[in-house]
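A.B. asks: Read top to bottom, the protein sequences are chains P and S.
Everything in the first sequence is counted per my numbering, starting at -3 for the first residue and increasing by one.
Everything in the second sequence is counted per my numbering, starting at -3 for the first residue and increasing by one.
Worth flagging that the hints you see were computed from the coordinates, not collected in a lab.
Here the structure is a predicted model, which is why all the values come from computation and not from measurement.
Hints may contain errors.
Note that the list lumps identical chains together, so a pair holds whenever it fits in one copy or between two copies.
As the list claims (entries may be wrong) - Calculated cross-link-like contacts (lysine to any residue; reagent style SDA-like; alpha-carbon spacing at most 25 Å):
#1 167 x 1
#2 167 x 401
#3 30 x 91
#4 30 x 95
#5 -2 x 172
#6 126 x 439
#7 30 x 132
#8 93 x 105
Protein chains: 2
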Amino acid sequence: MKASQFLISTLKEAPADAEVVSHQLMTRAGMVKKLGAGIYTYMPMGLRVIRKVEAIVREEMNRAGAIEMTMPVVQPAELWQETGRFDKMGPELLRIKDRHERDYVVQPTSEEVVTDIARQELRSYKQLPKNFYQIQTKFRDERRPRFGLMRGREFIMKDAYSFDRDQASAKASYQVMAQAYRRIFDRFGLRYRAVAADSGAIGGDLSEEFQVIAATGEDAIVYCPDSEYAANMEKAEALAPTQARAAATQAMAKTPTPGKATCADVAQLLGVPLSTTVKSLVLATDVQDANGASTARIWLLLLRGDHDMNEVKVGKLAGMEQGFRFATLAEIDAHFGCQPGYLGPVGLRQPVTVVADREVAVMHDWICGANAPDFHMTGVNWGRDLPEPDLVADLRNVVAGDPSPDGKGMLAIERGIEVGHVFYLGTKYSRAMNASFLAEDGKPQLLEMGCYGIGITRLPAAAIEQNHDARGIIWPDAIAPFTVVVCPIGPDRSPAVKEAADALYQELLAAGVDVILDDRGERPGAMFADWELIGVPHRVTIGDKALKEGQVEYQHRRDAAATRVATAEIGTFVKSRLSSATA
Amino acid sequence: MKASQFLISTLKEAPADAEVVSHQLMTRAGMVKKLGAGIYTYMPMGLRVIRKVEAIVREEMNRAGAIEMTMPVVQPAELWQETGRFDKMGPELLRIKDRHERDYVVQPTSEEVVTDIARQELRSYKQLPKNFYQIQTKFRDERRPRFGLMRGREFIMKDAYSFDRDQASAKASYQVMAQAYRRIFDRFGLRYRAVAADSGAIGGDLSEEFQVIAATGEDAIVYCPDSEYAANMEKAEALAPTQARAAATQAMAKTPTPGKATCADVAQLLGVPLSTTVKSLVLATDVQDANGASTARIWLLLLRGDHDMNEVKVGKLAGMEQGFRFATLAEIDAHFGCQPGYLGPVGLRQPVTVVADREVAVMHDWICGANAPDFHMTGVNWGRDLPEPDLVADLRNVVAGDPSPDGKGMLAIERGIEVGHVFYLGTKYSRAMNASFLAEDGKPQLLEMGCYGIGITRLPAAAIEQNHDARGIIWPDAIAPFTVVVCPIGPDRSPAVKEAADALYQELLAAGVDVILDDRGERPGAMFADWELIGVPHRVTIGDKALKEGQVEYQHRRDAAATRVATAEIGTFVKSRLSSATA
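All chains, full assembly: derive it from the sequences and hints.
C.D. replies: Here you go:
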C-alpha cells in the first residue's frame, strides 16, 4: 500500500470524551470515528487491525473443527420469548419493531438462533459433535457506553456454540475450544492469562476468561507466579487458614468508639491492626411459603475488617441461590436494635443466620460492633461470648499473599481486560427450546451445549492498553495495521532516496510483507510522529546522507534509537525482524 | 474439507413459500435457512459462496484504489434528518429507538454516514479523489419480502462512494468503478450485461446497472446483438420513425364499438391490426399558484395500441418533473365528457395538453375513442380531424425489433437480475450536508460524489437463476462452495478406494484447490444427488471396479456422462479443468 492511496488521518488532540488511552490513541491514529454514543465507524486504518484479528480467529476456529455460518443481526422476538430472555433481559437488549409492528431484537449474542438451527439440523447422535461459529455485528444497548471500542454498543464478536451428545463429549469440545483460544491469543502476540471463571449454577470448572494483562484493566485477576493457577476475582478461592483458632486472652468489653462507624476508623482509634476487626454485613433472602406469602430471612455475614465480600461466593451459600439483597433499615433495627456502623453478632434481638468467613472463624480476641450506637465490643471470642457461627464459608475476595488454592505458592493480583470467554452451558438453552437429538438408543435426548466468545473489536483496544507509550500505539506484528513502514526523506529532492525506497517497498511486497510506503511527501518530523502514533512496529528510514554511505536506518517501535543497516541488506534484515506469526 | 466435518444438510422438498428456483435450490441445498420474513441465516454451505463473492469484490475494489472501512449498522437519525431521508423515505427504512428513546435507523445504505466522514476527513483538494467502500449488513424493511435472498430484508451489500473535486474527475472515478465492475462480473463467470440506466434528474449517461441474464429476471433489458448498446427498459430510447406521416385515405367516422373498451378488443372487432389503434392515457399534474392554491393540469398521452407507456420517460416531460398522477374520474369526465375505455383526442370539452408518442405522431387513418360510450372514431388524421399534438415525445417502452439508438441494428430484449449499479450522484448529498473541501483557489467547494453497489447476497441467487437444471445448482468455479468433490464408493469395503480418494484429496488440497472429500459413507445415489443439488462443478468418483482397471471417473456438473481418467493422471486432469479464475 502507498500512503498517498490510503486514508491517513491523525489528530494532535484526543476527543474530550476519550477517558482511556486506547480510545484516545485509536481516535488520534484515525482508526475509529465516533458516529454516536458507543457507535463507531471502523476507519480504514482500524479495519486493517480488525481484519487481522478476524483472520487469526477464523483460521484457528476452522483448525479446531468449528464451522462458520452467519446468523442475522435482526432476529424475530419469538425465539427470544421461548427462552424467556426477551422479557428477562434488561434494556441492554435492543428491542425493535418492524413496519408491521412485529417484535424483533438486534442480536447481542445468538444462543436462541443457533439452538433453533441445531434442533432442526442435528437430529442424530451421528451428527455430533458440531461447533458453529460466526464473526458478526452485535449490539448491546449499554446504559453508559464508554471507553471507545472497549465498551461500545455496536461491536463485532466471534461467537461459537458447541453441541454434544453428553457431558463427557461436551467437556471434550470445551477443551478443544480452550486450546484453540490459547493458540489464538498466543498468535496475537499479547500478554494474557486464561483464568478460571465462575460457571454459575452449573458448577465444575468449565468456564475460563481470556484476559489481556493491562494496568488499566477493569478486572482483577488472581494468579500464582509459581504455578499455573489463575482465576478471576469472583472465582478465586480463599483457602481455610491452616492454623487453629487461638485461645482467648482478653475479656469481652463494651468499648466507646464515638463516631467511628467503619472498621478502619475503629482500628485506628484503638491502635490495633485492621485485621483484628470484624465487619458485619446484613443480607436478606425472601422466602415464599405455600400460600405465596413472602417472609424475609435475615443473614449476618462476618468478614475481617481488611477483607471484601465476594458476591458470587455469597450467592452460592445454601439458601442464597435464588438471590439476596441487603437488609432494609427496618429489618436491621428489628434484629439488631441498632443502625449500621455499630452492628455485631453479640446479643441479637431476633434470630439471624450467622455466616463467618473462614478467616473470621479462627480469630480470637476480635472487635465488632456492639449493636449500640458509638460502641464496639473488644476481646470477643467464639464459644465464650457468642455461639459458634451457623456456617463457616469462603465469603471474601482473595488478596495478594493468600496461599494459592493449588497449594503451590502465594497468590498475586494484576489487572486484566476480558476479551474472550469459554463456557460450558449444559442444557440451559436446549431444555428451554426442546433441542434434542436421537441418541444411540433411539430416544430423544437434550443437546449439551457450550458457548465461546471473542470480542473482535475489543481486542485491538485491549492490545493498546497493554502496548503504548507517550508517542502512541505499539502493535504486535500479528495485528498491526501495517507491519513495516518505509519512510523516504525528501524523495522529491533525491531520486536516489526515492529509488531505494521504491525498491525496498517492492522487495517486501513481493515477499508477502504487509508494508506501506509513505509517499505523501511529509516532512520527517510529521511523518515519524504519524507512524509512531499509528504504531507500525517496524520502520525503515531512507535519507540522502546515509544512503550515500550505503546505509539506511531501521528502528523497531520499541527501540530507543535507529540501527544503521547496509542498503543492500535491508530487505533481508527487516524480514529477519518480523515475528514468525506474521511472516 | 472433509464432509464428515462439515454441515451437509440437503432437503428433498423445497419450502412452500419458495416461489423461485434459486430460493428453492438454496434452501434444499442447505445454503440458507429462513429465520423470519426476508431474514436468513447464511448456513455453512451458503456462506462459502458469499465469502467467495466478497473476496472477488474486495480484491477488485482494492485494485481500483477504493479503500475499505466499515460503517455502523445502527445509525443515529440526525444525519438522516440532515438529508431529509429520515422523513422522506417510506417504511422500508427501519426506524428504531434506543433505551433512551432516541431515534436510529438500521442502515439500508450509507450515503449520510460516508458523507459525514468525508466532510470531516477530506478537507483539501490534495486529498482527492477518494473512494470508500464497505461490505456490510444492510436492512430494508420490504413490505413483501420474497424470493429468498433475491428480495430479503436483511442482506449484505458492497457499497462504495467516490469523492471528487469536480465533475470531470468524478466522471473519471465513475469510469474506474464501471471498469472494476466489469472485471468483477467477468470473474464471477456469469453471463451479464452492463446496461445504461436512467440517471434521474442529473442527466448524462452516468448510470449503469449490472444485470445477470436469467429468463426469470424481474427486469427487461434491451440490447443490440450487433453492437455494444444495452440499456434497461426505463432508459432505452425509442427512436423517432424515419418515415414521414402518410396522407389520409379514409374519412373520419364515429363507429359503434359496444363493450369494446380496449384497443385489442376494438382491433379485433374491426378486423384491423392493433398497431392502427391509439390508446389515450389521462394524467394530471398539480400546479401551485403564488397563493399556494393547487390547480390540476390535465394531460392526454397518446400511444399506439400495441405499445406500453414508460413512466420514467413520461416523468421527464417538461412540466412533469415534479411528479404526475392518473387523472381522477371527475377530472376525466370534466374534460372528455366520457369515462375511460372510449376516450380520445377528438372533440375535447376543456383544453388538455396532448402529447403524442413519436410513433403516433406519424400515423394516418388511426382509431381512437370517440369520447362517447361504446363508440370509437376510425380514419382519424392529424391536422384534418384534430390539431397537431402540443408535444411529440418518446413515451413508450421499446419492443424487440425497434431500431437500436446507436443506429447499428435492431433491438432485442431479454430478462435480467440487477446485482450491481454504478451511479454518478453529483452534489446531491454533499449539498444537503454541506460537505465541502478547499479547492486549489482556497475557496470551499462541494464534493462531487458517485455511489456504487453490489448485492453480495443477491449475487448467488442470480447465479442460480442463470445456472441450474432439474437436479440442482450448477456453480461457476469462481463462486462454488467447493470447486471439486471427491466421491469414494464404498470406502469402508475397499481400502484401495479409500486410499486413492485420500491421495487425490491431499494432492488437490496441496495444490490450493478448494476440494471436499465425501467421507460420510453415503450410498452412491444419495451422495451424487447431494452434490448435484449443491452444484459443485467438478466431481471425481472413485469406485472399486474402475480402480482395478487403473481408472477413476471425472464428471463436470454440466456433463451428461462421466469420463474415465487414469488414476495416476486424475490430479493433473482435474487441475486442467478448473477455470483460471479459481486456480
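A.B. asks: For each hint, tell me whether it holds in the structure or not.
C.D. replies: Outcome of the hint check:
For a Cα distance limit of 25 Å, the shortest separation of residue 167 from residue 1 across copies, 19 Å, qualifies, whereas the shortest one inside one copy, 49 Å, does not. Taking the shortest alpha-carbon separations for residue 167 and residue 401, only the intra-copy value of 22 Å comes in at or below 25 Å, while the best inter-copy value is 70 Å. In the homo-oligomer, the alpha carbons of residue 30 and residue 91 lie at most 25 Å apart both inside one protomer (23 Å) and across protomers (20 Å), since each shortest distance falls under that limit. With identical chains, the CA atoms of residue 30 and residue 95 are at most 25 Å apart between copies only, with a shortest distance of 19 Å across copies and 28 Å within one.
In the homo-oligomer, the alpha carbons of residue -2 and residue 172 lie at most 25 Å apart only across protomers (18 Å), although the nearest pairing inside one protomer, at 41 Å, exceeds that limit. Only within a single protomer do residue 126 and residue 439 lie at most 25 Å apart by alpha-carbon distance; the minimum there is 19 Å, versus 62 Å between protomers. Taking identical chains as interchangeable, the C-alpha atoms of residue 30 and residue 132 lie at most 25 Å apart whether they share a chain (19 Å) or sit on different chains (18 Å). In this assembly of identical chains, the alpha carbons of residue 93 and residue 105 lie at most 25 Å apart whether taken from the same copy (19 Å) or from different copies (20 Å).
In this structure, none of the earlier numbered hints is contradicted; all agree with it.
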